[in-house]
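Q: Spelled out, the chains give:
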Amino acid sequence: GQNIDQPTEMTATEGAIVQINCTYQTSGFNGLFWYQQHAGEAPTFLSYNVLDGLEEKGRFSSFLSRSKGYSYLLLKELQMKDSASYLCAVRTTSGTYKYIFGTGTRLKVLA
Amino acid sequence: NAGVTQTPKFRILKIGQSMTLQCTQDMNHNYMYWYRQDPGMGLKLIYYSVGAGITDKGEVPNGYNVSRSTTEDFPLRLELAAPSQTSVYFCASSYSSGGGSNEQFFGPGTRLTVL
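Residue numbers (the working numbering), protein chains in the order written: chain Y, 1 to 111; chain S, 1 to 115.
Pulled out of the complex, with its shape left as it was, chain Y reads as follows (with noise of 0.2 Å):
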């Protein structure tokens, strides 16, 4: 089957740094997704990786290793306004393009 796990919720102060992992088990692999969604918004585009490696996106990076299945997103310098859910999704396919999302990680940001 196919399935992507991330952890529910995680808590961290302003100003650190936070890593939110993502593990997953698809089928037709096209490319590895994160997503930041604010409380009854619309899930915005943070990252994407195709290759293993660190891509880095100023305080945002994601990582990807294929072989692992396996990938995490990296915020540091932590503001109040990262409080939000971030969701893992990988784009598979099999003629088609289509993704399976995790059902997201909570994040929220103390100060």
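You may find that some hints are simply not true.
As the list claims (entries may be wrong) - No farther apart than 20 Å at their CA atoms in a straight line, the calculated lysine to aspartate or glutamate pairs in the EDC-like style are these: (1) S:K44 <-> Y:E41; (2) S:K9 <-> Y:E56; (3) Y:K81 <-> Y:D5; (4) Y:K68 <-> Y:D52; (5) S:K44 <-> Y:D5; (6) Y:K57 <-> Y:D82; (7) S:K44 <-> S:D26; (8) S:K9 <-> S:D56.
Everything labelled a hint here was simulated from the structure, so no lab data went into it.
Model the placement of chain S on the given structure of chain Y, informed by the hints.
A: Frame of chain Y, contents of chain S only:
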């Protein structure tokens, strides 16, 4: 560009009623998707479309129907509303050419309650 727009934003239905959730995108994306998100959960794919005239089922299609007559529009139809369909519905679109991120862009969502 307006991006992905959805109407209505909120709706309350009685059991057995029907309705259509509208979704429009102005980015000329070929792929469009409908998801539902239950409280504290991730997104579950209901239906998707790879282009006008082509649709396919996702993980949870029962109780829903879709059509795609134009590139821009992808309406979702609920024929006989049931309490289990109470959820937030998101429409998304993306351009898929086989390379690059081609990430999904999401509409603001429709919050549906069936009583």
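Q: All hints, please: hold or fail.
A: Do the hints match the structure? See the list:
Distance restraint check for K44 of chain S and E41 of chain Y: the Cα-Cα separation of roughly 16 Å lies within the 20 Å cut-off, and the hinted pair is therefore satisfied. With a CA separation close to 35 Å, the supplied pair K9 of chain S and E56 of chain Y exceeds the 20 Å bound. Restraint check for K81 of chain Y and D5 of chain Y: not satisfied, since their Cα atoms lie roughly 24 Å apart, outside the 20 Å limit. Pair hint K68 of chain Y plus D52 of chain Y holds up; C-alpha atoms about 10 Å apart against a cutoff of 20 Å.
Of the supplied pair hints, the one linking K44 of chain S and D5 of chain Y holds, its CA atoms being roughly 14 Å apart against a limit of 20 Å. A distance of roughly 15 Å separates the Cα atoms of K57 of chain Y and D82 of chain Y; the hinted pair therefore holds under the 20 Å criterion. Under the criterion of a C-alpha separation no larger than 20 Å, the hint pairing K44 of chain S with D26 of chain S is inconsistent with the structure, at around 24 Å. Proximity of K9 of chain S to D56 of chain S is assessed by CA-CA distance (about 25 Å); at most 20 Å being required, the pair is judged violated.
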